Amino acid sequence: MSGMSSMSGTSTAATGGHRKSKVGWNLLGLFVFVTAGFPVYWMLNTAFKPAKDAIDPDPSLLPTGLTLSNFSRALNIADFWGPVGRSLVVSLTVVVIGIFVGMLAALAISRFAFRGRKVVIVGILAVQMVPLVAMIIPVFLLLNDLGQYDRLTGLIITYLTFILPFTVWTLRGFIVNIPRELEEAAMVDGCSRTTAFLRVVFPLLAPGMVATSVYGFIQAWNEYLYALMLMSQQNQTATVWLGNFTTKHGTEYAPMMAGSTLMAVPIVVLFLLVQRKMAAGLTAGAVKG
Amino acid sequence: MSAADTTTPAKLPPARSAPPPPLVAPQPPGRKRTLSGSAVPWALLAPCLLILALVLGYPLVRLVVLSFQKFGQSQLWGFQPAESVGLDNFTEVLGDSEFWAVVVRTIVFAVTCVVFTMVIGMLIALLLQRVSGWVKTLINIALVASWGMPIIVATTVFKWLFDSDYGIFNALLSRIPGVDMIGHNWFASGPEGLAVITLLVVWGAVPFVVITLSAGLTQVPKELEEAARLDGAGAWKVFRFVTLPILKPIIVMLTTLSVIWDMGVFPQVFVMRGGHPEAEFQLLTTYSYDKAFVVNDYAQGSAIALLTVLLLLGVIGVYMRQMLKIGDVE
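Protein chains in written order, with the numbering used here: chain V, 1 to 289; chain S, 1 to 330.
Calculated directly from the structure, the hints in this document are not laboratory data. Heads up, a few of these hints could be off.
Stretches of chain S that chain V covers, calculated by requiring three or more beta carbons in the stretch to come under 8 Å of a beta carbon on chain V [said to hold, decoys possible]: (1) 43-55; (2) 131-140; (3) 265-274.
Only pairs whose alpha carbons sit at most 20 Å apart, straight line, appear in this in silico EDC-like list of lysine to aspartate or glutamate [unchecked claim]: (4) S:K70 x S:D96; (5) S:K70 x V:D145; (6) V:K52 x S:D165; (7) V:K52 x S:D163; (8) S:K70 x S:E92; (9) S:K237 x S:E223; (10) S:K70 x S:E83.
Some chain S residues near chain V, calculated using beta-carbon distances under 7 Å [stated by the list, open to error]: (11) S38; (12) V153; (13) I182; (14) Y298.
Note that the structure is a prediction, hence the values are computed from the model and not measured. No residue lacks a Cβ here, since even glycine has one placed at the ideal position from N, Cα and C.
The shape of chain V in the complex, shown without the other chains (with noise of 0.2 Å):
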């Protein structure tokens, strides 16, 4: 909290001049910025360093050279691709059963009146706030029984329960935003309901779709509980993989964050892509509520 010094300071200045004010203003923005940012580029910073480097008790700030090895160590550490081609597998098979599972539930609590449609929505609703971590004991047995300790297909069905809610909710919110009028005068013009959701919604909500379906896909990428304790050491997915850095005799930090930054930055990327949306989608109507 340093930065209450300098707001202080602001706050006189703004009575001296509207420019110097913003001057303050901008320069503890420009600390929040270092303050939020430091953990990604401190890790961007070690992956790339000498690993000699990365055990220097008193650390240079700034880059101090620029290698590739620390990524190479990463990679042979203990297998990569593996771990990754499962945790693709399992993201995508969720997200594009998801989507579509969950379309038809949105489209169903968005568009049709029903009785029992409150109590599937507040059910819903309801499901998703259950702490996953509470869950992780009777899922365990569950798939235990089931025989499906340790496969994919455990795990996608496990994953699919926790976007799914989610994905129905906000396609909800994306689908009530296309007015319905749409829908009726294409249905006038002759459409059936399927031809004019076809046509006409399917298109406008595509973006909505897109947006839901990457959100989705890093969810259920991202996990980790379940993963743990769903898959073995041969089937490990690649958030169990970063563990593989820490053995004991102690931890490789700057493999790890090359490995690290591995992970993390297509994720991110694809989180800058979509966050707008999404931001969007899930305060729809808050305020206004």
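Using the hints provided, position chain S relative to the given structure of chain V.
Relative to chain V, chain S alone:
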């Protein structure tokens, strides 16, 4: 809950009275019969409900059943049938002083995380309105990057930042004259270690709060703030009496969500402590996990998980009310 009851009745009735018409109305015109037929929506919902029932509904029931049984290693492998033991698991858990220490620790931890997240988030959101465009862009990039970081990666990075020998945090502290923190182990004591974990959680949670609040702030009518200012209200009063009431629904939503998320913190502690959190680091989530998968007492682990859910029920209630209000708008 009661606070919400007293402030919302003015808004609730219209929302409540809105839904009935569509429920009753759809009958008259023949063309709309397919719209009102309830078979279609249920058919559309069926796959979704089926999946949820199988992997969430059933385990939830199983969780409750388990917590009233004796279920250990031999029951897991099927050597012995699981038998009911009534409330034994609960009396044992509730009678254990360690459990209460964990409960208190979890609540203190979660409350600290939520308060810091909300206050810092609000301050940054307000700051974003006052900085130049390029600073705003920089802050947004940093925020989205930290928001998008996988929790596991973030935890790993923080572990490195706070490493006792080569961590940058100790090195930076030691540059202050008279301070020597090289070799200081932040995880030697529970409170210090949990403070680092709090920092990690807050760092990861602030971006969502800032971005949501920023979106909310753009909806606050400029004229209202202007009018208050002309009437002589200072910056604080404008915020307290104009901005804050308008943002209230968002704040309630964010706070309840944060409580739910922060009470469920698991990988941060688990990975930070190398998969074996010490007694001083145990939160309800790791404690339940430990009882189940380390001590192999699945029944007691379930009882603890169930108690955690019960503890959260009030907060979940407030969140659901808010979400349903939003859901009812159309």
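Hints, one by one, checked against the model:
1. By the rule of at least three residues with a Cβ nearer than 8 Å to a Cβ of chain V, the coverage given for the region 43-55 of chain S holds, with 9 such residues.
2. Given a C-beta distance limit of less than 8 Å, the hint that chain V covers the region 131-140 of chain S holds, as 6 residues qualify and 3 suffice.
3. A count of 5 residues in the region 265-274 of chain S with a Cβ less than 8 Å from any Cβ of chain V is obtained; the coverage claim is therefore met, three being the minimum.
4. Note on K70 (chain S) and D96 (chain S): the hinted pairing holds, with a Cα-Cα distance of about 18 Å set against a maximum of 20 Å.
5. Straight-line distance between C-alpha atoms of K70 (chain S) and D145 (chain V) comes to about 18 Å, which keeps the hinted pair within the 20 Å bound.
6. For the given pair, K52 (chain V) sits about 14 Å from D165 (chain S) by alpha-carbon distance, which is consistent with the 20 Å threshold.
7. About 16 Å separates the Cα atoms of K52 (chain V) and D163 (chain S), which keeps this hinted pair within 20 Å; it holds.
8. Distance check on the hinted pair: K70 (chain S) and E92 (chain S) sit about 12 Å apart at the alpha-carbon level, within 20 Å; holds.
9. For the proposed pair K237 (chain S) and E223 (chain S), the alpha carbon gap of about 15 Å is at most 20 Å, so the pair holds.
10. Under the criterion of a C-alpha separation no larger than 20 Å, the hint pairing K70 (chain S) with E83 (chain S) is consistent with the structure, at around 6 Å.
11. For S38 (chain S), the interface hint holds, the least distance from its beta-carbon to any beta-carbon of chain V being 4 Å, beneath 7 Å.
12. Because the beta carbon of V153 (chain S) sits about 5 Å from the nearest beta carbon in chain V, less than 7 Å, this interface hint is met.
13. For I182 (chain S), the interface hint holds, the least distance from its beta-carbon to any beta-carbon of chain V being 6 Å, beneath 7 Å.
14. Restraint check, Y298 (chain S) versus chain V: the minimum CB separation of about 5 Å is within 7 Å; hint holds.
The structure fails none of the hints (numbered hints given earlier).
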